[in-house]
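Please assemble the complex out of the two chains, which come individually in their own frames, going by the hints.
Chains as they are written, first to last, in the UniProt record's numbering: chain A, 1 to 300; chain B, 1 to 1206.
Rather than coming from a laboratory, the hints here were simulated on the basis of the structure. Just so we're clear, the structure is a prediction, and the values are computed from it rather than from any experiment. It cannot be assumed that every hint is accurate.
The calculated lysine-lysine pairs, modelled on BS3-like cross-linking and capped at a C-alpha distance of 25 Å, are [said to hold, decoys possible]:
id, chain 1, residue 1, chain 2, residue 2
1, B, Lys1087, B, Lys1006
2, B, Lys987, B, Lys1146
3, B, Lys1177, B, Lys1102
4, B, Lys615, B, Lys762
5, B, Lys477, A, Lys89
6, A, Lys140, B, Lys393
7, B, Lys1145, B, Lys1204
8, B, Lys393, A, Lys89
9, B, Lys608, B, Lys1006
10, A, Lys130, B, Lys393
11, B, Lys1102, B, Lys1205
12, B, Lys828, B, Lys848
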Amino acid sequence: MNLVIEHLSKTYPNGTKALSDVNLRIEPGMFGLLGPNGAGKSSLMRTISTLQEADQGSIRLGDLDVLANPDRVRQVLGYLPQEFGVYPKVTAAELLDHFAVLKGISNKSERKQVVDGLLQQTNLYNVRNKNLGGYSGGMKQRFGIAQALLGNPRLIIVDEPTAGLDPTERNRFHNLLSEIGEDRIVILSTHIVSDVSDLCRQFAIINKGQVLYTGDPLLAIEEIRGQIWRRTIGKHELDSYQQQFAVISSRLFAGQTIIHVHSLAQPGNGFESVDPTLEDVYFARIHAAEQVATPQVVNG
Amino acid sequence: MFLEILLFELRYRLKRPATYIYFFLLALMAFLFMLAVGGAFGANITIGGGGGKVLANSPYQVNMILTVLSLFGVLITSSMMGTPVYRDFEHRTHSLYYTAPISKAGYLGGRFLGSFLMTVLVFLGGALGAWLATYWPTMMADKLGPNTLAAYLQPYLLVVIPNLFLTGAIFFTGATLSRSALAIYLGGVLFLVLYTISGSLQQDLDNDTLSNLLDPLGGTAMNLTQRYWTAAEKNTLLLPWSTWIVQNRLLWVGIGVLTLAACYVFFRFSFANKADSGPRPKGALGVADAPKLQTLPVVTPRFTAGLAWQQLSRLVRLEFFSTVRSVYFIGIVGAGVLFLLISGMQVGQMYGTNTFPTTPVVVQLLAGTFALFQLIIITFYSGELVWRERDSKVNQIYDAMPMPSWVPFVAKLLALMGIQVVLLAVVMVCGLLLQTFKGYFNYELDVYVKELFGFRLIGMLLMCVLAMLIQVLCNNKYIGHFIMVIYYVFNIFKGTLGLEHNLYSFNGAPGTPYSAMNGYGHFVWPFFAFKLYWGAFAVLLALASSLLWPRGTETRFSWRWQQARFGFSPGLRVVAGVALLAFVGLGGYIFYNTNVLNTYRTSDESEKLTADFEKKYKRFEKAPQPRITAANVNVDIFPEQRDVRFHGFYWLVNRTRQPIDSVHLMGQTDAEVKQLTLGRPAKEVLHDEIGDADYRILRLQQPLQPGDSVQLNFDLRYTNPGFPNRGSSTAVVYNGTFMNSEMLPHIGYQPNWELDDDDTRKEQGLKPKPRMASVRDSAARMNTYISNDADWIRFETTVSTSPDQIAIAPGYLQKEWTKDGRRYFHYKMDAPILNFYSFLSARYAVHKAQWKGVPIEIYYQPGHEYNLQRMVRGVQLGLDYYTAHFGPYQHRQVRILEFPGYSSFAQSFPNTIPFSESIGFVADVDSTDPKDIDYPLYVTAHEVAHQWFAHQIIGGNVQGSTLMAETLSQYGALMVMKHLYGADKMKKFLRFELDDYLQGRSFEQKKEVPLYLVENQPYIHYRKGSLVMYALQDYIGEAAVNSAIKEYRDKVAYQRAPFTNSIEFLSYIRKHTPDSLQYLVTDLFEKITLYENKVDSASYRKLPNGQYRVMLTVDTKKLYADSLGNETPDLKSRDLIDVGVLGRKKVNGKWQDVPLLVEKRRLKPGRNRLEFTVPTKPERAGIDPFNKLVDRNPDDNVKIPEEKKA
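Here chain B stands alone, though its shape is the one from the complex (with noise of 0.2 Å):
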């Protein structure tokens, strides 16, 4: 019987053609991944951490392909596993089978089995396209290795099919058990939402065993087997039975076939549905209370204009309630808030720190976060509400009614688009609790009504829109949502197939970033024009949709085209003039800002230009040009036009040993240029604009001999006519302009306008190009790695914007005056400085402190005073620290500058520190949790540590050069922090250094370095660097480091071409190091080296007088990997390592780990056994306790001694 039912179940399905559509769909989508990751779509599409030199077919990524895929999958597991029982109920076929001799197990086992079958036969779909897409021929062939059968099927084993099982269990469950369509449909869709929310929950989760079971479909596992995999590791390795991996499968499978039972035990043959059992209404079928006949009262119907607007409110309640009092709204909406409520709790994470809520942050991250949660709803409710009297079958009788063929569609309309602002009414009430919950204060309600009712709420309007058009054109539900889905796919990947112009993308507008500094800005205008333009387009689709509205049993298409065409009446045809008008009037208006004021250009014809001028100026890379010794500017800021003027000069020498006829200069494009001349006769033999870059030569009648100078005059002005597309500048802006000198001319060739990535210039037919120059490279030592055109300039400076702002440059302020309603700053530098520098004008206030006679000045946006005693600390305790140990501070005073979160970084200019508002100073650092990092402090450290490292070393245009700048400010900052907060607390900020660092090599797209051939990486010259920096000063001590760095500096600080490399830095690291330790140098600087540190088994023993001998087995090994990630093992190494044992103290009420007895020895490769004796009772003992040292599994370094009996 069982088999009967299996055999007719899987004889139905393959009937069905939804079997083969899902097959095919399934095996389309893998084929598409796989020519998207292979290039045939454009370098640079990457799925799942691939990418670079992760081979297309590589197991990793077609692991990851598969899974993708069988993500989003789950829609089609819920419709094949959720519909095998159900189907008896839609199809009225169970009181068939329920009253047929079959026993339960038969039945559920038979149609659970049947469709399981299929579904992973479908599943299959997905190697099968992945598969062949490996033959198409348009795959870039250096993104393909050797196919391997393995790596398309061990995904099936270890994921696809127990998530299968998982999900078709859960599914096939629900359904049967509630009898619902639409638990079917939207257990699907609500799986999806709520994994992916718990997955982002359990990100924040210390125990990884713990967020690793909690992920029913794996992800995590993989997650955690592979995080650090490198590029070699992710091409030959076939996922593996790793424990973690074992674990989750075991588990989740186990509660797949739990829920199986639970099915069967709660599963009846029982004929009603649930909804239509229940006990009838009492006394209907009394016939005694049947009163007597009476005449009906007369009521004449009045059909006047004004009815069709009562009739239209009443049914638009009527729609609008029956949606919100759905199960399943209240399902969607209850998911949302609960995932609001909980991701909002961690607001503005950094180094796991929060930030404080303030209103922009709370209502970006919530209303981003719950716009998910509205598409759902408009997707799945335009259907519900289009197809309502339908489904209830009311809908003969509804379309008999008297009433305007308009009306329904309208009533439906109007009530989904009220739903939408009930639902961002909920995102603002849920901000508000949780700034309230979280103690802050400060709501900001117009923000709330200016982002959620402002802006947010029109685009989901014109969704609403979209999506009942497309349900009444339709006329399928399923098919209504499954476009819905295929277009947000599509909006997905509409830029890299070249879409990226709004005015063809529907609902399309630039985005209105928020910034406490500068509100919306002048983002306002251009997102509304567009959203006009979309907003009268929407209503020509709506009219379409009401015209089309189906009335009547008659569904034909050229039915209702004439009904529509009957339907549309005069006015009707005004309204839709108006908005056609409308449309193409402001679509005019639009494309004369983007197109005309503005230069439109998509990705790909931005990368070609890149690529032309590299191709055609390419050869005057090497054309001697002279320098730049001193810059002059004036710079007019004017805020309320976004404008900006800079007028002044250079001057320029010739340090080369031969005469310069000609001097070639650099600009941009969109710089209106008065003047750009030299101070002596020249003429201008070439002047060419391709793409941004503006290219310009000028001869000069007499040639410049050696040593020569010549001034540079320069006249330039920025403006912001109209706006473009997208990508609006935000350098000037109406409060917080920041800018820097990259505006300004340049001398010669610039190498750094040129595209960098390999994959994009083999594209445009360019040679890939080396990250970095040789770090032996001595030509390009000639120039820093800031710029090739000037070292060390005198800098001066004058300044002028609105009245109200105040506007800083590097330099002293000489004076400051107000002329003609503006205000003006004169600064003026007394020490050389790099060529670059930046101009920020914002309304600011000034919190002023000092250290030692120099002021300190933070110019903040008021309202953001929370961190300002903090970022003093650092820059006092910088100062302290640096110029103890590294030298004096080359300048006077010490500024910071907030500046819009438009970006979010900080940046060291000489004394003048621009700060992002985004990073630091709203950071809620509560000193009491030992967890949290005060990184306001320890990024102001960073900063003004910079004016030592870059500021005063420079290192050349070579690999290496920002170990001397990012890396060294790292370790001063990180010295700063030891000595605030402790060496104990350091432990916590370097395992977030260690995690970014292994997953940053994970992700390298080109070729991991050993840190002194660092090639501007940053998980490398932070991440790493901070790592070696303080195992660094931990093995040879502080002070050796530190005496190192002094003499570096004392050598090479303020010199003149050539300048230094990494190789000079290490010899003095060297030169401190004693002979015992050399090898450590070796392994943290030039090579890429891995421990393999663990302890073994642990255990202790209570001495007699009252000491405890601690006896530790631990495990060690070193790997030395290639730029791939390929690893060789170091047998002969004799490395000295932390090994001992850890008590516990209460430090503020909290437990912390105590060194009880930690010391270096030497350990061989393998195992080591070891003894201590301590005085205290042990509480942790292992090797390498405060991970030091780079090590991908830094938990296993420790363990909880077992006590041993005598």
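Here chain A stands alone, though its shape is the one from the complex (with noise of 0.2 Å):
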């Protein structure tokens, strides 16, 4: 079962174009989406959530017409937005159990199974019994995924789903995805590139509502060796050298900022050749698509 994306656009009232004739084949797995804030991630992943209308296009998912099925869809779906609060007053075993209900898990045992299973997963069992305002905002995002789990979706939209979490969490959630993601289609979105590296099988960029590239991860980074090129500069070049070189990333180190370039040949003296990371591919095609070179300014 495929989700196949075609033709997308949507604009808001206010004029910003959130989409714009965005087509995309997902097939199953984990499928990152990667994009600068304001990318139109969220806009992409809520209109597959059926919480938000397209103005043109069409989505399917396997024989389902998703704009127009949006019931059907949430039987399989399962979603974790970007924001989101929870009831304050509430436990999370009884706010998860509640979502079970909603779910459609309506066999009670059944429901203490999963929410039991999934609050261990997440880390959450000990502190189950607790109102979820007391919660911090990793524990809050890792009652997000649990929800979002719940009722054995498949189709699993997560949205910048690790925000906020700690390293160790973090990885947990991602061998849970990839556990999960082996047979049904989870779509991931993020900023952090290695996510998407250490996750995904396909992967998207996306930015200013559009799909700048959409393929394997290890073929992007495969497609682009050889044209990466590093170099140390002074704090003051940076301005000269973005003018005359295809600076796609710029970070300081040291004291120092060393940028990558963009270039099929060497672009001169000091320059470096560097192995390409999907970091790089990311910046590429970025920079590529805007016509006025902008650095980028990443910090880790």
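Shown next, in the form of structure tokens:
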């Protein structure tokens, strides 16, 4: 069962073009959506999650027309929004049980099994009887993950799921996702590139509502092998380099600036070739898409 | 820094649209209020004691408008004054501010002062709006006086700004310290509710000073200052700096300052909100205890039809409990319950005396009171429920859940409805508690259930649907609340706008008044017909709301509309179709009942028709007509059908000196006339129906010669087909029929059908109408003030009714029999009676007693035995006193007949006294409590006295005639009370009368007149009458008064035209008054006289012989008022006024004042020094200590004297 998105466009009433002719074909497995803030990731995910209409285009899940049959989609959907809250005066176990009913798990003992299992998986079991109002950001996020996995969903959409998680929890979550994601569609949006390279066999880069690239992360890296060059420069030289070269990223290291440049040939003296990473792919794609080369600053 | 914060606050506020919206809103409301009191929307809209001769832009009226406005404005204050600091939490800018180097005083002070200044500016909109309205072209010119700036600004100085400061300080502090938005929002509403509550509780405080100080907004201070103001004072005086106002304002501004100080002390520049802080659950961060990954149990959801219901029930439970557990809900309900219990303690007060807490009284009182709280809960929690997910930001998770779209909406609606059920159950529990606490155990659970869950619940459920729809449609919680409030306000005024039909007034239905005698009677089905109609409509509304339920992040209406069309499944179409069909069908059925079977008219239409009638037929008013001299009426009452048939005849006699060629007949159009013919050949030359009036002229072939008589035969039927939109007749009911001779034909044009109110008359193009003809109008004195087509008549009647009921009419029972399943009673009167008689029928129990061989019978509703003995006593003592002092009783029987509490009065017909179930029958008089007044006995004695005063002595149709009916009956009853309970007890009673009189004159719409010119004004002939007659008998002696009345009665009893007037009555009073007191008769009866008596100082010395020497300085002033209340002092008076010394004595274990030495002395105006020697220790001393004279400050008449050492 594949998720096929064709010619999807959406413009908000205030004129913001959130999605513009998006075409994607997503197969079972983990699918990463990469893009800067405001790229349209969340809009796309909300549209797939039946929360938002599209102006044009179609989304099909297998034989199912997503936009015309929201009820059917919701029956197989697990969704974790980017921002969400909880009822502060309810315990995690209660609320999860409540959601389980809404997800169609009507048998009480089954529900208990699932809820307990998920609470354990998300490491919330010990605090399951505490009110959600007292949860930290990370705990709340894990609770969100738990509810998204309720009811054996075939289509899981998680919007920035690891935001606010510490490295251990993030790891656990990745393991959990990759295990679940073997036979179903998991769409994961993030602006952390390594999440995608760690987890996904397919991914897409989105910016300004447009899909800039879609494919396999490893292949994407191979495609630009030999085209990424590094140089250490003085702090004040960045501007001039940006004017001369396709500087796709720059970052500070030990008080000096390291830049990466995308170029088919050796750009000049002092540049050394580096092994490209997915991050380079990402920046190169975004850089190429922007007419005016604006350097991206990445911290970590 | 303070200045920068202040200026920033001002700049910020000036940029906010809300500031201008509030300003405009207040200006608009003031504008509309002013137009309303200025008559631009029609006559007779009053706000806070204005109207009549009080000008729309008088200082009093302007002050009232601005005060009322500032009360509603509390909601604006709460939103403006609650936000200045809360805003930083809301927008999470507090972490920026609180880390800046600002001082607490600068931050809080700047924010408070900035917002406070803006709020004051916003409220000035009220004055602007009111002032602008005075230039509106359709304002009635005679409602406007000159505009004075002070009239608009003084209220701000004394009322509005101090109140803004206090409420502002409270809201500011509350929101700042609690950091909660709901606190701000609900704070305003709760403040208003609690204020209203405390206001109604304060009314029972005897202590004016205390209740004044307890009133945070100064309403009591204004009331105490202005309560007895006459129109003239209202038009000219600014609200003064009275002691009441100064004390109150100082106290509450002080409390405002303290509140701000507390805010300063407790405020911390701390980051965390209280709710967010607190220890995190432990173990959450521990990595060590993370279990090994295990595979999740795989459970496949089953999406069956039953699942939706399971989801629904889960959601209903969740929504319900989340609401009832919320602090604010508990707060509102708690306040409501407290209010219920406290207000329930004084069930059905009258003369400061309670009634028994019978279930109908308790349940109506409590449910009615609690309705306000329920509406608040519906308004707020509809918003909270609709916005719950979005407020908690779980909406995206929720909306992506696989449940049908109708589930969340229906769940919320059902939860809100369930809450109403619970709230009504709370009312029931409160009622039961209250009854138990008061030692009343006849619970009548069925009445509780019927009233609460049968009638009240439906309306509340419909309101739930409406509130939810509005929240769904406007998709903004606060605008939703605002629209609901507008809706409530609109409901109050829709009648004025001519929207009176329940068919287009959501949730509208005729009322369901309960009577112990008649239960809910015939009101039940019309109520349910309307409620079913609106219920069907509510189903449509609920469907619409459910379909338009906002799901997902898209909020555009077009999208929701598209979704709705998409979701409008065939099943729902069927439901909608059925509901629509029911709505239309029931609407048609109701319309057929209210507008086809019955006549539907708006008040305006009725007034117009009444005016048309007058314009067309007034010319016949003076046409000579024969008079009714005998009535023989057969009345068939059909209680089950609510039908009645009158058939019988009058004897008409030509008492004029000329032949009469045509007889004019007037009746009601809703009577079905089978026969209305004269006993001689005559022809109907005119038959016209205008509005409620049916006018006919029968021309005789041979004119009726002077002294000649003719029979008028009539056969009329009143039926009640279907049901009317409102005001369903309560004349003939299932149990407790009470009708009077008004339903029978009248002879000649009836001027009392005309419009009375001058403003309304003016609207209809009619000239002002004097309330009554001049006391000296000899033409008007040719009729009694009771009727213009008869005076004394012979009367005989046969009344039939259902076999289980007793039917009663004036007269003596000649025969009783049963025929064809109907019970017949034949009554005949052996003495002439006025042409005013009644017919009653009900399932009565009868209590029998007698007085000197005169049978006394009380026909009452079984269960209402409480006060039968008191009533019998009232009859016996009354007959004792009246026969001894006034003359013989003309009948051989006294009957008291209970009738349903649809009206609250007792009325005296010949030997027959109908007495409402709501006054006296269930009174709970505690004989051991000196404060309780035995009003069942009092009212009975008053009605018995009417057998003399009205049924023997009857004045002409001129001013002053109710003096000889009502005032003298008051006098009779007062004397009965005085002899039974003692003169000391009368003070308490007379204080009620004094207060009612002074307030009555303050609300006079036309003109106050002296007692002898009274124009049927209750506050004069009852209230002032009591005071006047009590003072008179005190000054000239009871015996002298009684002799005067007796002589007068002997002269005028049963007289024929011209009928007596008050001038004649006063001549008898004067005859029995010594010369030295003639001035008093003038002051009491012929002038509007007010005293300002007070004691300036009082002290005493103990004398060597053990006695006490009391020294007093008293101040007296007598004023004469004109009809508008302009006063002129009498500087030459040398009046006799009580002065003296009181001691205390224990009576029945309670202390009471007893006179040690009270005597009348002639006092000159101004200061008088007096000395007395009394044998025991003086406790009180002063002038007019028993408040026999009309005095607006009766409490300063006595003082506790200070001891002076020799």
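Verification of the supplied hints:
1. B/Lys1087 with B/Lys1006: The given pair, whose Cα atoms are some 17 Å apart, holds under the 25 Å limit.
2. B/Lys987 with B/Lys1146: Distance of about 17 Å is within 25 Å: holds.
3. B/Lys1177 with B/Lys1102: holds, 8 Å
4. B/Lys615 with B/Lys762: holds, 13 Å
5. B/Lys477 with A/Lys89: Since the Cα atoms of B/Lys477 and A/Lys89 sit roughly 22 Å apart, the hinted pair holds (cutoff 25 Å).
6. A/Lys140 with B/Lys393: holds, 12 Å
7. B/Lys1145 with B/Lys1204: With Cα atoms ~23 Å apart, B/Lys1145 and B/Lys1204 stay inside 25 Å; holds.
8. B/Lys393 with A/Lys89: The given pair, whose Cα atoms are some 14 Å apart, holds under the 25 Å limit.
9. B/Lys608 with B/Lys1006: Holds, because 22 Å separates the two Cα atoms, which is no more than 25 Å.
10. A/Lys130 with B/Lys393: Holds, at roughly 19 Å.
11. B/Lys1102 with B/Lys1205: holds, 8 Å
12. B/Lys828 with B/Lys848: holds, 21 Å
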